[in-house]
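Colleague: Sequence:
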Amino acid sequence: MRLRISNGRVIDPANNVDSIQDIYIVDGRIIALGTSPDGFMPDEDIDASDNIVCPGFVDLRAHFREPGQEHKATIASESRAASRSGITTLCCPPDTDPVIDTPAVANLIQRRADETGKVRIMPLGALTQRLEGQQISEMKALKDAGCVGVSNAMRPMSNLISVRRAMEYAATHDLTIFLHADDPSLSNNGCVHEGAVGTRLGLPGIPEAAETVAVAGSLALIEQTGVRAHFCMVSTARAVQMISRAQFDGLPISADVSAHHLHLTEIDILDFDSMCHVRPPLRTQRDRDGLRHGLARATLAAICSDHQPHEPDAKLAPFSATATGISGLETLLPLSLRLVDDGFMTLPDVIARLTYMPARVLGIDAGTLSPESSADICIFDPQEYWTLTSQNILSHGHNTPFMDWELKGQVKHTLFGGKVVYSTK
47 MRLRISNGRV
57 IDPANNVDSI
67 QDIYIVDGRI
77 IALGTSPDGF
87 MPDEDIDASD
97 NIVCPGFVDL
107 RAHFREPGQE
117 HKATIASESR
127 AASRSGITTL
137 CCPPDTDPVI
147 DTPAVANLIQ
157 RRADETGKVR
167 IMPLGALTQR
177 LEGQQISEMK
187 ALKDAGCVGV
197 SNAMRPMSNL
207 ISVRRAMEYA
217 ATHDLTIFLH
227 ADDPSLSNNG
237 CVHEGAVGTR
247 LGLPGIPEAA
257 ETVAVAGSLA
267 LIEQTGVRAH
277 FCMVSTARAV
287 QMISRAQFDG
297 LPISADVSAH
307 HLHLTEIDIL
317 DFDSMCHVRP
327 PLRTQRDRDG
337 LRHGLARATL
347 AAICSDHQPH
357 EPDAKLAPFS
367 ATATGISGLE
377 TLLPLSLRLV
387 DDGFMTLPDV
397 IARLTYMPAR
407 VLGIDAGTLS
417 PESSADICIF
427 DPQEYWTLTS
437 QNILSHGHNT
447 PFMDWELKGQ
457 VKHTLFGGKV
467 VYSTK
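Be aware that the sequence shown starts at 47, since it is given in the working numbering, and climbs by one per residue.
In case anyone wonders, no lab produced these hints; they're calculated from the structure.
Just so we're clear, the structure is a prediction, and the values are computed from it rather than from any experiment.
For glycine and all other residues, C-beta sits at the position ideal for the given N, C-alpha and C.
Hints are supplied without guarantee of correctness; some may be wrong.
[To be verified] Beta-carbon label-pair distances, calculated as ranges:
| hint | residue 1 | residue 2 | range |
| --- | --- | --- | --- |
| 1 | G80 | A242 | 49 to 57 Å |
| 2 | D411 | P144 | 26 to 34 Å |
| 3 | R211 | F390 | 34 to 42 Å |
| 4 | R210 | R246 | 35 to 43 Å |
| 5 | R176 | T81 | 52 to 60 Å |
| 6 | S82 | I313 | 35 to 43 Å |
| 7 | D73 | G263 | 45 to 53 Å |
Construct the entire structure; sequences and hints are all you get.
Modeller: What follows is the structure in structure tokens.
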């Protein structure tokens, strides 16, 4: 199969490419940009005039609910939603049922993704057996099974000595440890940010210190053990400052932020909107601005969707009793593009946080348009407005506070391995 993508504005931040040129694809791989190879005759031509052509997006956190919670969503359903969103590679946390603490579960998830033929799923292995925070998992076997890192998801560790031993073991096998900075004793079953809004609503709060204390402790252990670490879904400006300082001091760390934390704040829950019940909680406007600045400075390397689809009933209880999480795949691109319109970042910088920078966190060859790389490509119109509705959302989870919002930035085509897996035409 020979394919040409013509007349698009090609943006490939990994190679400092930003110009109008053609892309040539043969047998699922990019063979050239710009000048046509000798004798090249395309079987198909995609006209990308007035569109952006960039690498397929890499999402560092997406829950597929399979295995174990197929009533919420499946790998097949969420793969369709991902391809509609220009996402070609996703990272899956280990808190499935059963937990990804054996090669068999990791292989199952990757095999199901291969069967869809739409996305690549890179699983994280469990840091401890059954995520119970005590016995270290068989990390070497998980790595051999395709796990790109290890994590204990949102489950607490039993004690700091267990954290240290797990970090040492992960460092031995050159595995990145994915951390969720949350001190459970300070979070204390809270459900919103501890502040004026939470107090007014009478909801138990989670203080900023729950995150910053956990970040401080993790940084001390990272320095002690030398493990490579990634902080998932940072939510406070103070934590961004601490991570920035540690990076300046040379610690091997990175961090990401969810798209919804870049736009929503604690004020959005004023009417007890359970769609805004997330973990970590929505913070203050000052925190939101601190996250944006941290992203612009590259302290935060990536924007993730933190996609968590739920069945309708999961969001119908009183606020504190509802399930946490947002269905975020289909709003990842438009919410990221808002940072350009708001003047915080340039378009190439935003695309960098969605492509090669998260791929670098995972240590995989993705997120670029380099010759000989897999033709994982997103083509989108940055100026087209559209509205996310219950009729056009592809994810099984309709739990999003952005339902019926007018969004800007519409994916036109998604290619995975040179195959068109989504098209509006």
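Colleague: Take the hints in turn and mark each one as holding or not.
Modeller: Checked hints:
1. G80 <-> A242: 49 to 57 Å: holds (55 Å)
2. D411 <-> P144: 26 to 34 Å: Taking Cβ atoms as reference, D411 and P144 lie about 29 Å apart, which means the hint holds.
3. R211 <-> F390: 34 to 42 Å: Given range 34 to 42 Å: holds, Cβ gap about 40 Å.
4. R210 <-> R246: 35 to 43 Å: holds (41 Å)
5. R176 <-> T81: 52 to 60 Å: Cβ of R176 to Cβ of T81: about 55 Å, so the range 52 to 60 Å holds.
6. S82 <-> I313: 35 to 43 Å: violated (53 Å)
7. D73 <-> G263: 45 to 53 Å: With a Cβ separation near 49 Å, D73 and G263 satisfy 45 to 53 Å, so the hint holds.
This entry does not satisfy hint 6, going by the numbered hints stated previously; all others are met.
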